[in-house]
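Asks: Each chain, written out:
6 protein chains.
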Amino acid sequence: MFYHIKDLQYNAKPDHPDPVYAKKLQEVLGGQFGEITVAMQYLFQGWNCRGNEKYRDMLLDIGTEELAHVEMLATMIAQLLDNAPVEKQEKAAEDPLLGAVMGGMNPQHVIVSGLGAQPNDSAGYPWNARYTIASGNLLADFRANLNAESQGRLQVTRLYESTTDHGVKDMLSFLIARDTMHQNQWMAAIEELEQQQTAVVPATFPKEKEKQEVAYSFMNFSEGTQSQSGRWAAGKSMDNMGAFEYDSDPQPMGQIPALNPAPAYVHNTPLMGFTKENQPPVV
Amino acid sequence: MFYHIKDLQYNAKPDHPDPVYAKKLQEVLGGQFGEITVAMQYLFQGWNCRGNEKYRDMLLDIGTEELAHVEMLATMIAQLLDNAPVEKQEKAAEDPLLGAVMGGMNPQHVIVSGLGAQPNDSAGYPWNARYTIASGNLLADFRANLNAESQGRLQVTRLYESTTDHGVKDMLSFLIARDTMHQNQWMAAIEELEQQQTAVVPATFPKEKEKQEVAYSFMNFSEGTQSQSGRWAAGKSMDNMGAFEYDSDPQPMGQIPALNPAPAYVHNTPLMGFTKENQPPVV
Amino acid sequence: MFYHIKDLQYNAKPDHPDPVYAKKLQEVLGGQFGEITVAMQYLFQGWNCRGNEKYRDMLLDIGTEELAHVEMLATMIAQLLDNAPVEKQEKAAEDPLLGAVMGGMNPQHVIVSGLGAQPNDSAGYPWNARYTIASGNLLADFRANLNAESQGRLQVTRLYESTTDHGVKDMLSFLIARDTMHQNQWMAAIEELEQQQTAVVPATFPKEKEKQEVAYSFMNFSEGTQSQSGRWAAGKSMDNMGAFEYDSDPQPMGQIPALNPAPAYVHNTPLMGFTKENQPPVV
Amino acid sequence: MFYHIKDLQYNAKPDHPDPVYAKKLQEVLGGQFGEITVAMQYLFQGWNCRGNEKYRDMLLDIGTEELAHVEMLATMIAQLLDNAPVEKQEKAAEDPLLGAVMGGMNPQHVIVSGLGAQPNDSAGYPWNARYTIASGNLLADFRANLNAESQGRLQVTRLYESTTDHGVKDMLSFLIARDTMHQNQWMAAIEELEQQQTAVVPATFPKEKEKQEVAYSFMNFSEGTQSQSGRWAAGKSMDNMGAFEYDSDPQPMGQIPALNPAPAYVHNTPLMGFTKENQPPVV
Amino acid sequence: MFYHIKDLQYNAKPDHPDPVYAKKLQEVLGGQFGEITVAMQYLFQGWNCRGNEKYRDMLLDIGTEELAHVEMLATMIAQLLDNAPVEKQEKAAEDPLLGAVMGGMNPQHVIVSGLGAQPNDSAGYPWNARYTIASGNLLADFRANLNAESQGRLQVTRLYESTTDHGVKDMLSFLIARDTMHQNQWMAAIEELEQQQTAVVPATFPKEKEKQEVAYSFMNFSEGTQSQSGRWAAGKSMDNMGAFEYDSDPQPMGQIPALNPAPAYVHNTPLMGFTKENQPPVV
Amino acid sequence: MFYHIKDLQYNAKPDHPDPVYAKKLQEVLGGQFGEITVAMQYLFQGWNCRGNEKYRDMLLDIGTEELAHVEMLATMIAQLLDNAPVEKQEKAAEDPLLGAVMGGMNPQHVIVSGLGAQPNDSAGYPWNARYTIASGNLLADFRANLNAESQGRLQVTRLYESTTDHGVKDMLSFLIARDTMHQNQWMAAIEELEQQQTAVVPATFPKEKEKQEVAYSFMNFSEGTQSQSGRWAAGKSMDNMGAFEYDSDPQPMGQIPALNPAPAYVHNTPLMGFTKENQPPVV
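Chains as they are written, first to last, in the numbering used here: chain Z, 1 to 283; chain B, 1 to 283; chain W, 1 to 283; chain R, 1 to 283; chain Y, 1 to 283; chain L, 1 to 283.
Check each hint, because a few of them may be wrong.
Stated by the list, open to error - Now the in silico label distances, taken between C-beta atoms and shown as ranges: (1) Z:His166 x R:Leu97: 28 to 36 Å; (2) Z:Pro206 x B:Gln255: 53 to 61 Å; (3) R:Lys236 x W:Ala258: 57 to 65 Å; (4) L:Asp15 x Y:Ser229: 41 to 49 Å; (5) B:Ser229 x Z:Lys236: 29 to 37 Å; (6) Y:Gln255 x L:Pro206: 50 to 58 Å.
For the record, the hints were derived by calculation from the structure and aren't laboratory data. We put the CB at the ideal spot given by N, CA and C, even for glycine.
Isolated chain Z, as found in the complex:
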């Protein structure tokens, strides 16, 4: 169960409205790696956590924090939209600033949300739940989380570079710092789990059931051998259970597929050389 307090986790107040920037900032609110993604992802991972109460608690801690980040961004965007223009195009042409603004802002910020933030990304695409994962395997999921925080921090720094508004920069410096912590946190949690298990997910699948001969082989499917100089092409494998090999000319190990003709009742293409009355027998 949740309680809400009115104060924001950190300041979210721009110096000036900027509806074009409001559109861009939507990316880290409702985009693929925005705050809604991490909030929902961590909460569902926590709720689905079976045993392992330490991790459940940690996931709910951070998921709850991310809700506060959603709130900060929504608040900031609404203020960046203060008095967003709904003028006629001709005026925009006379006034280059107005023209640039109206060309670059998202019209839905006026028409649909009435100067409010939306749970969408910077292209106006709605957030959707396929951005998240809660697999039941925490090592897998913590890797998803480390990725989300890495992509998220990267996006926030790019947004930081593209504004001079001190209020906006102040808020972003907070989010960047929290993403620093959260990357560190997932690295720490991953290290813990990798020490308990093997590094390959899932750790519980028996080695003998996987095709060992291709389990540590790097295959060179793109002409050129620059990739041979990587750590992944020689030496001990990262899971300490094998040795990397470099296969410079990988060969097929499987059949040339030949599918059976379809039964008549699915009305696929008749086989060549057969009439429709005289189809080959179904195998």
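We have chain Z; now place chains B, W, R, Y and L onto it with these hints.
Replies: Only chains B, W, R, Y and L this time, still in chain Z's reference frame:
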């Protein structure tokens, strides 16, 4: 540019048709972490790679391999659908096996694809490009890749557990082994990049521009302190640039938001205590 | 900012696992009118609220409560999935109960979420943000909210009818009661706003700028006049600003459209009677 | 069955082309609350109507009218796109009007639809059927309809404010008036149904099966008590079946969740303190 | 503008309810090539038609007819859902027919639509506007239409094969016949346009601006030369403007890509061999 | 299985960066009829091909070529984005060129992909698999393919018209030529299949099972008879199996639908004239 050969990378031939299993197997073909995802993700990361030819080559190697996995799965699914039933429901009721089959298969496998595989997941949801990321920052993206291979291998092992078909298991044992390699590969590539840079993405954003005081603090937003015992709550941070702290009672640092009234031309709710003719002045 | 406590708002514990029912219950978690929808909708309406602090507070109260409902449903679904079967189809055929279960459950509950709830609906379709609205006009939005609570309660009662599990029914009886409250709440809030404004949204658009002659006329576009007996076809209009009329044979008031030919550079169909070298002049 | 006549329901002819406005106007054609939404929603509600012929007829009347609105908007948009520019960016830079136009228009209006309207919204996002509801319960659905007409009219008035084109304003004044009628119509139909049933949807679910003690209680989950002054926090409930209460400090009534460990065959995270060979028994 | 009459275009009455079949039949109502697709596609093509009134009229004729098919299918599905079961799973296990039904039906047909049809496909995926095209070039679009009617008729025949219900078969025999007509119609319209123009779309793009040397060459990118025996590999081209060639070993004609490093402000991966302070100059 | 070589199939190098054009060019990379669509469509058609090895080989030839086109476009877009600006809006206002650029580019090209191409269209909408079809019936699918190449070439010519960059035009002239070939190819393949079968898809459904009396009748559902002058309204049908008729006043042949009331347990609207306790018996 690509060339195709007809032989599969590995065997993909079931012992018996099984249209219910065909539906499930779609997950690792066209699902969030299926083979289409990794193929597209690695190829776009390679094509977008600016400099760093070793990584570009490696990405194109593995992206090209994943196309072969898409092909194997599509071929397997088509064969699992051989002679899939399109019978009347009454018959299905008389015959429990038929009933279970018809209740559990995806009707689109007959109606839409005529016993062929689809680029969809096991719920029939179409693959979409928001499953992928190519951010231009390789450390971020390699973390995405490690996650994709972890989720993918996890899903394949679950599918392995739910069939007794030797042909299917044989193919899955190959995919599981390749996912072992690919997890190892991304771990190796991540290690390389982390040694060159700092571990926090992006490495190039100046420390002094982020809010240092919250950059290493774990905040306890969910009641209970089980999370305090984790590696993330004390000790040196993973990036070696700070020390973890545990904040047992995190307090807000920001304002209570109060938004300006909207201008009249967006027709938002009139403020209480004002008539529609007599709106408060816009600030 | 939010705080989380571990206790659920109400009991969420089934008597027995039931993975088929788990699939159905997803509808009111991640469906069009599920708990994620109302949580996100109310929170964004609150965050976007300009002035009108009473409504902002109320929206954040109820949005925060809905997060607790998301949590209850996720918890219930995870338990309904306890030990969900991943057996071979042949076994399912021998055992009708197993067959019915495996035919009716969502395979992603095993393959993707590892026996956890997903932010998806009962067809496996992911939640997306276009399910929500925060328009900046509270009367419009409270109508959206009343609809969401009406559709939501309707769906929960249908789910109540299709189980005999006492634990599930107990939880649903709580959700049904809260939806009763929430329908009442939105009706009350709507009444408040309608008394302050006119009932037509937005109240602030000048009457003289709309085409008055069609503002209260019911038009009979489907043959048959059963619709004439409704309240909407005669008497004072609900906004008290006009009188309903019934137009039994509505006639067009507009032009027959005739579009200009496209300029050559868009390569649309050449006009008939013209060669491609000799196109008609662009108007 | 439908018949079509060529005349538009009302004039749809702009004074001048304006491709930037064409993009915006797409919102009320193919957006969440655009004319395609209401056309499809009303027709499906009519077709699914079981008994209650008066309502079926009425729904088909208005659904059929909305098809005419789709036609008017498509026609208007095509004309606003007359001769839309496909010039080189450099030219656009020399000519601020051209630059503003090209920055603000949707490139798909040239590349994809060749100066034609699209069934998309103002962000270019395609219309989809999850925008609609036909639940089988008419009181629930009429509330959905009242909401759709409220959001729709709000969006049209915002579009009216952002143009000076007399032809466009003329058409919008017609749509605004029809939305006035349609809001009135749904209010009238809702009143009819609420008088026959109770106001809470569905009316047919037995009171004794819902958790009465929380059916009229407003819960204060967001700090601060501004919400206590609302109509929803005291007095008789709107359904006349209870009395509103204000719960200033709502407490949890449910368990602290503790999920069972997953069975080994789903390969979730091993429990801490157990090896992978030695998992705890499944309950 | 449209008028509606209550009579269906053709009978739509099943002999018996069959909720599993109702789910399947959704494919040709709300699927990729269902009746909503063709209705919307033809209407938008008609509304966007610039000049060429014969084609505009024809498109509106057939688009309007398709609305009647949507209506027939919605009606049929609602009747197939009469009394669809919402029983407990245990009962389903005792009764194999019930079990098969409940495993195979779409739960949203009860929970969401209350025994009504939905604008979704047989996997429960909602119809969306990206299924349609109205490009402004009628020859291109008529090819889209011929495809839609071909896929549509194929799907309906597959549905015909999977039922023994005479009422359903009767309705499908009507739809199959109309699809026969509509395939013929688009073939006729295509022939008309191809005789006026060249067969390649668009006909108006100057030959000299395309790279002539590859305009009629079949390239053998998949090992094996079975494709050489096709009509496309030798002889006069279908547009009568060239001769097919077979290129058995196609070679690259382009550069090996080498992208410039990114500017520092996007925080992409630092180049290897450079420190973050010492990045290579941007070209 | 696939092999990749580093050389592009054809030159893909712009004279100058142009981030606005990069956004537009995305349409033919990741749009509805872009190169990802045809690559995936042809490969899945090939992989699902049952028998008919000539066609399977041909499909895999061309599907593999389309992957090279995806690569060329991704490479071109990355170069068009070289040094794309991330400046403050105020600067943009001072400099009209910069303003036009920043208003017209896709912000995700900086924030999300770090100056790389995305698998999205020109509106930023992600590619999805519902753009493709592999039905198992090759004549149906080749019509889909001819449509895709027609729409695709149309879009590329429109893009050609809107740039003066010689490098871009050079690449597009190659793609236009290949689309010429591919349109010719599908026309040739269609002719082959139509000569073997009848022209109506599927050829294998028995004539006597379709409602013959409406199989060749053009129905005039939109007032006005311009459509009567088309080839489709008179003369021999294109499949040589009937004669076109023109039905100037098509009449309904079906029932007026009247649905049964819903059972009580779905809680639909109570019937008028019945109380909720006293519902009519279910038929």
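Asks: Now tell me if each hint is right for this structure.
Replies: Hints, verified against the model:
1. Z:His166 x R:Leu97: 28 to 36 Å: For histidine 166 of chain Z and leucine 97 of chain R the Cβ distance comes to about 34 Å; the hint holds.
2. Z:Pro206 x B:Gln255: 53 to 61 Å: At roughly 56 Å between Cβ atoms, glutamine 255 of chain B and proline 206 of chain Z fall inside 53 to 61 Å, so the hint holds.
3. R:Lys236 x W:Ala258: 57 to 65 Å: holds (60 Å)
4. L:Asp15 x Y:Ser229: 41 to 49 Å: holds (43 Å)
5. B:Ser229 x Z:Lys236: 29 to 37 Å: For lysine 236 of chain Z against serine 229 of chain B, whose Cβ atoms are near 32 Å apart, the range 29 to 37 Å holds.
6. Y:Gln255 x L:Pro206: 50 to 58 Å: Holds - the Cβ-Cβ distance for glutamine 255 of chain Y and proline 206 of chain L, about 56 Å, lies within 50 to 58 Å.
Every hint, counting from the list given before, is met by this structure.
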